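Colleague: In my numbering, the protein residues as written are 1 to 243.
What the hints contain is simulated information worked out from the structure, not anything from laboratory work.
Predicted, not measured: the structure shown is a model, and the values here were computed from it.
Glycine included, every Cβ here is placed at the ideal spot set by N, Cα and C.
A hint or two may mislead.
[Said to hold, decoys possible] DEER-style ranges, computed between Cβ atoms: (1) ASP13 with PRO84: 20 to 30 Å; (2) ILE87 with THR227: 17 to 27 Å; (3) GLY149 with GLY115: 30 to 40 Å; (4) LEU146 with GLU94: 13 to 23 Å; (5) ALA153 with LEU213: 17 to 27 Å; (6) ILE95 with ALA205: 32 to 42 Å; (7) ASP162 with LYS193: 16 to 26 Å; (8) LEU108 with ARG151: 29 to 39 Å; (9) LYS216 with GLY238: 39 to 49 Å; (10) THR227 with ALA205: 15 to 25 Å.
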Amino acid sequence: MKKLLSKTRAAADRYGMFGEGGQKIAVGVSGGKDSLVLLRLMAALRDFHPARFSLTALCLDPCFGGENADYTGIGQMCRELDIPLVIRRSRLGEIIFDERSESNPCSLCARMRRGILHNMALEAGCTRLALGHHMDDAAATFWMNLTSGSRLASFSPVTYLDRKGVTLIRPMIFCRESEIRSAAARLKLPVIKSRCPADGCTARADAQKTICLLEKTYPALTERIITALQEGNVSGWGFPGEA
């Protein structure tokens with residue numbers, strides 16, 4: 001975890017993710033490996049980072065198949081880390097896959113999920129929301145925008161939503177997915193297997209597979225994409241004060 005912690009602090013400090021200090025930060029916890037590792041990293045940073053912030057974990061259950069997800073393990077983890085846990089059950093799964101039968105469900109699900117999470121953060125008294133996106137996600141998003149949207153863009157390290165008054169932060173953008181996967185297995189985190197019918201069959205998954213194949217010919221392609229985003233200050237990736 002030391003390597004991941006170092007990279008996470010580097011990203012947080014580079015982009016001022018924790019603000020001036022004393023912030024109340026919500027962590028979106030889906031139950032997947034990324035969000036659980038993020039929660040552990042944020043708990044560690046909370047205990048020694050000079051910004052001195054507090055944490056609240058937010059679990060939004062889509063209730064796929066009409067069944068509630070079991071967050072027992074995550075609840076125990078939050079108690080051990082002394083982090084309040086808020087769980088909200090929703091009808092996302094029913095609306096998207098049953099009522100609307102979406103042919104492209106991921107986009108709608110993501111928008112609805114984000115809206116609910118933003119409201120949950122505000123209700124918990126948090127004006128910052130940490131998300132578990134990592135370096136591979138950023139590269140895949142860039143690739144999707146380039147090949148499908150004909151534009152140079154990715155998600156931003158820090159995004160202020162002025163209509164909500166919420167700042168989205170992504171502290172793991174310098175971390176590789178392989179590192180996160182190894183940490184989750186080594187720490188035996190209570191990962192919940194996704195019950196989404198579209199899991200693994202998304203445009204993002206296809207983009208990540210494409211980049212993985214390209215890296216056999218172009219080593220370190222993912223890192224080079226991130227460097228290009230920083231050097232070109234694409235989507236706010238240029239380092240503050242250096243752009």
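Colleague: Tell me the numbers of any earlier hints that the structure contravenes, in ascending order.
Modeller: Structure breaks hints 2, 3, 4, 6, 7, 8 and 9.
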